[in-house]
Amino acid sequence: MLDLVGLSKSYGASRVLDDVSFIVQQGSFTTILGPSGSGKSTLLMSIAGFVEPSAGDIRLHGRSLLPVSAEKRNFGIVFQGYALFPHLRVRDNVAFPLRMRGLSSAEIGGRVKRALDLVQLQNFADRFPRELSGGQQQRVALARALVFEPSLVLLDEPLSALDKGLREALRDELRRLHKAVGMTFVLVTHDQEEALELSSQVAILNNGRLEQCADPATLYNAPGSRFVAEFLGRSNFIPVEAIHGSTGTLQLQSGRHRFEHRQDSPPAGGPAVLALRPERLVLTDGDASRPNSLPGIVSDISYRGADLSVSVTTDLGELIVRLTIGDGQAMPRTDDRVRISWSATAGYLLHDRSAA
Amino acid sequence: MTFAPGAANFRVFALFLLPALLFIGVFFVYPVLKIMLISVTDPKPGFANYALLIENPALRRVFFTTIRIAGITTLVSVAIGYLLAYRLHVAGPREMKIVLFCLMFPLWTSVLVRAFAWVALLQNNGIINSALLGLGAVDHPLPMVRNELGVVIGMVHVMVPYATLPIYSAMRAIDPRVLQAARSLGATAWPAFWRIFFPLTLPGVGAGVIMVFITSIGFYITPIVLGGGKVVMVAEYISVQITETLRWGLGSMLAMVLLAVVLLFVFAFRRLTVLRQGAA
Amino acid sequence: MTARSPFRRLLGAAAVLALAYLILPLAVVVPVSLTDQRMLSLPVDGLSLQHYETVFSSPVWLSSAGQSLLIGALSTALALAIGTWSAIGCWMLGERRSGFFRVVNLLPVVVPSIIYALGAYRLFVDIGLFDTVLGVVLVHAVGAIPFVFIAISTSLAFVDLSLMRAARSLGAGMLRAAVLVILPNIKTGLASAAIFAFLHSWDEVVVTLFVSSTAVHTLPRKMWEGLSENLDPTIACVAVVMVLLTLVLLLLQQRARGPSAG
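Residue numbers (our numbering), protein chains in the order written: chain B, 1 to 356; chain A, 1 to 280; chain Y, 1 to 262.
Hint data in this document are derived by calculation from the structure and do not stem from the laboratory.
Check before you lean on any hint, since a few could be wrong.
Said to hold, decoys possible - With a straight-line cut-off of 25 angstroms between C-alpha atoms, the simulated PhoX-like cross-links for lysine-lysine are:
| no. | chain 1 | residue 1 | chain 2 | residue 2 |
| --- | --- | --- | --- | --- |
| 1 | A | K44 | A | K34 |
| 2 | Y | K222 | A | K97 |
| 3 | B | K179 | B | K113 |
| 4 | B | K179 | B | K164 |
| 5 | A | K230 | Y | K222 |
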């Protein structure tokens with residue numbers, strides 16, 4: 001429904017957005033994810049109409065949005081810092097867009113009440129924003145953005161100012177709201193947990209370029225680049241040379257070691273790197289189901305509550321293995337000699353652009 | 001975070017900025033440009049008026065007088081200003097309110113009222129002289145008006161707030177830990193002040209000097225009232241040329257020279273604040 | 001430096017002297033206005049209201065005061081309207097892109113008044129505004145715009161820029177957004193701006209002298225004439241009235257800024 005086509009934005013010599021293209025489906029929850037400086041806020045503000053792109057187009061239902069001014073785009077926006085009007089009560093903040101659209105007082109009253117019910121702030125209608133907590137202000141901002149039933153809801157890092165507990169609670173709120181109202185949500189964040197948990201589609205930006213746009217599972221298990229693999233969760237990287245074997249099984253050479261690897265559509269050629277998620281590795285000897293193995297010495301163990309992060313020094317570099325702590329299992333200790341092994345489908349082969 | 005894209009920028013300009021631009025353009029810039037035009041067209045087109053600057057010694061004398069008095073005013077005002085800025089800097093909240101009030105209240109009263117008050121205080125049969133004579137401290141009244149002393153007293157009175165505020169602002173910007181570091185390294189009070197604190201306030205002092213100087217050279221009311229015709233600064237001289245001898249060409253030329261000097265110093269001022277921000 | 005070293009005491013005394021120097025002239029007009037003598041002096045045998053009676057029963061002085069108040073009010077309204085909008089526009093454009101406009105709005109306070117006075121005189125003679133109330137209102141408004149601009153800009157620095165974007169995203173055009181969302185949040189700035197603009201007009205002498213002659217006779221103008229003609233205590237009374245108004249407005253402005261403002 002919302003098409004971004006070749007969107008670019010430059011301020012003088014610096015390129016903030018570089019040829020970004022992806023599609024937002026109607027009713028979906030799409031997240032734009034990236035580190036600070038990746039251009040994600042600029043992208044959101046371009047969609048909103050506050051930043052004019054240097055090149056490219058933004059289309060809504062096929063029609064270009066560029067000639068439409070920000071106040072006519074009919075998008076609900078939750079700003080970083082919420083931007084609640086300090087001189088108006090909660091009730092009047094939420095009613096503001098309805099007043100702009102010339103609705104009758106009776107209708108405004110009804111809609112405001114419903115919006116506040118939706119975010120569970122019915123009893124706060126007469127308060128001023130300064131009397132509310134951060135989480136409550138965020139909910140008012142949401143109510144204000146939803147009350148006029150916009151075609152698209154844009155959220156600019158809405159949870160970044162809150163502490164962890166509140167953030168998770170509000171994350172669930174957002175999910176619930178999205179299901180309840182059925183509108184299209186586009187969220188901007190740097191928190192990858194948020195992105196993976198909330199959305200059906202994630203667009204990852206790095207230095208203004210789109211790295212990959214896909215559903216969370218694909219991004220996690222089949223990352224398009226080293227950047228994506230490193231940004232989402234932790235990953236080990238082993239530089240390899242791919243030697244094609246028979247019928248879909250690749251042989252990978254790294255140093256003295258050979259590994260078996262299977263993957264749909266592996267990269268064509270050139271320098272490659274094998275990305276291995278720590279949780280897909282085990283500390284046992286190799287066997288039929290895990291043909292790949294590598295010897296090493298445990299250098300460090302980190303206790304992380306539900307699991308253990310074990311650093312192992314091998315002749316291919318330092319690898320990290322994630323072990324869940326179970327009953328009666330023997331846990332490794334520092335300086336133990338161990339073998340790391342993994343299955344042929346545990347890793348993911350990537351182009352290594354940085355090796356060029 | 002700048003505001004808006006191209007089309008919206010234009011709307012901001014048209015709706016919000018254009019009225020002021022037009023109003024100031026028509027009712028301020030245009031009149032000043034008219035004067036510039038007159039300076040090169042009256043009585044005949046050309047730069048004859050400007051040549052008078054070199055030819056006519058009376059003009060040079062007026063400018064030297066102006067610069068001399070403005071210079072003295074600047075020195076005295078900045079000295080007093082530094083003192084008061086320091087008091088503000090070390091003051092508790094109550095004292096700060098008092099000092100600020102003593103600076104703000106005169107700042108906003110009419111220059112004319114103040115000049116009048118100084119006349120009442122300083123003239124030969126004025127309050128100060130009457131008191132001194134009555135006490136027997138002097139035999140003759142001290143001449144404090146219709147001379148440079150009176151003018152400077154009156155002008156410094158106007159300028160002290162203009163000098164104090166930028167210096168105070170520079171003092172506030174100094175990180176107190178810098179001074180603590182100096183003390184911990186063995187500096188006693190005077191070296192700590194002279195070698196560390198004072199140099200860090202210099203940008204504020206510079207700003208104060210420029211502000212006071214450019215305001216002083218253009219002063220009209222105070223020098224006329226307290227100078228009594230004996231001390232003629234350039235603003236009064238211009239006024240006389242225009243209103244009494246109707247020499248518009250000469251008057252306009254002098255006005256333009258005054259403007260050029262002021263603008264020159266304003267550019268220097270902007271450079272100084274940029275430097276200060278860069279150093280901060 | 002020990003707390004009570006002689007050097008420190010000297011500095012303290014010097015500061016007090018400096019403050020006394022600043023306040024002295026403003027304070028001295030009060031007893032002078034109450035003198036029982038006919039000429040400028042302190043009261044000799046007792047206080048007298050005779051000079052106040054002269055001033056308040058004089059139709060000329062009263063009409064001057066009335067004109068000053070009228071011109072002050074009108075020029076304040078004009079300067080507020082134009083300057084506030086200008087400050088908001090510069091705030092929206094951001095520091096980088098508004099540099100030129102800021103300079104223009106501050107020009108009237110940089111250029112020496114004698115130069116503007118001459119130019120305004122020539123312009124008004126040409127367009128027939130010489131010696132009219134409207135003419136004086138216009139020049140006072142021009143001179144007040146920098147003060148309005150600075151006061152409003154200071155206030156705007158505390159307003160979140162995204163408020164404008166929020167209002168626009170909710171359907172308000174720029175003008176409507178500024179009126180509904182920005183103005184209510186800069187009330188103290190507006191009050192300060194109005195007071196400074198009024199005080200500028202109330203005290204303005206130089207330009208007023210050149211663009212008026214007989215029809216317009218604001219208090220400062222009449223005072224100026226009085227200074228050259230007859231230097232007597234009635235002028236002190238007028239001075240007291242002028243200073244009192246300044247004091248009252250300044251105190252109001254401090255209240256408006258709030259007790260915590262520095």
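Evaluation of the provided hints:
A hinted pair counts as satisfied when its Cα atoms are at most 25 angstroms apart, and K44 (chain A) with K34 (chain A) qualifies at roughly 15 angstroms. Only pairs whose Cα atoms come within 25 angstroms are accepted, and K222 (chain Y) paired with K97 (chain A) is rejected, the gap being roughly 34 angstroms. Restraint check for K179 (chain B) and K113 (chain B): satisfied, since their Cα atoms lie roughly 19 angstroms apart, inside the 25 angstroms limit. The hinted pair formed by K179 (chain B) and K164 (chain B) meets the criterion: a straight-line CA distance of about 23 angstroms does not exceed 25 angstroms.
For the hint linking K230 (chain A) to K222 (chain Y), the alpha-carbon distance of about 23 angstroms falls within 25 angstroms, and the restraint holds.
Hint compliance for this structure: hint 2 alone is broken.
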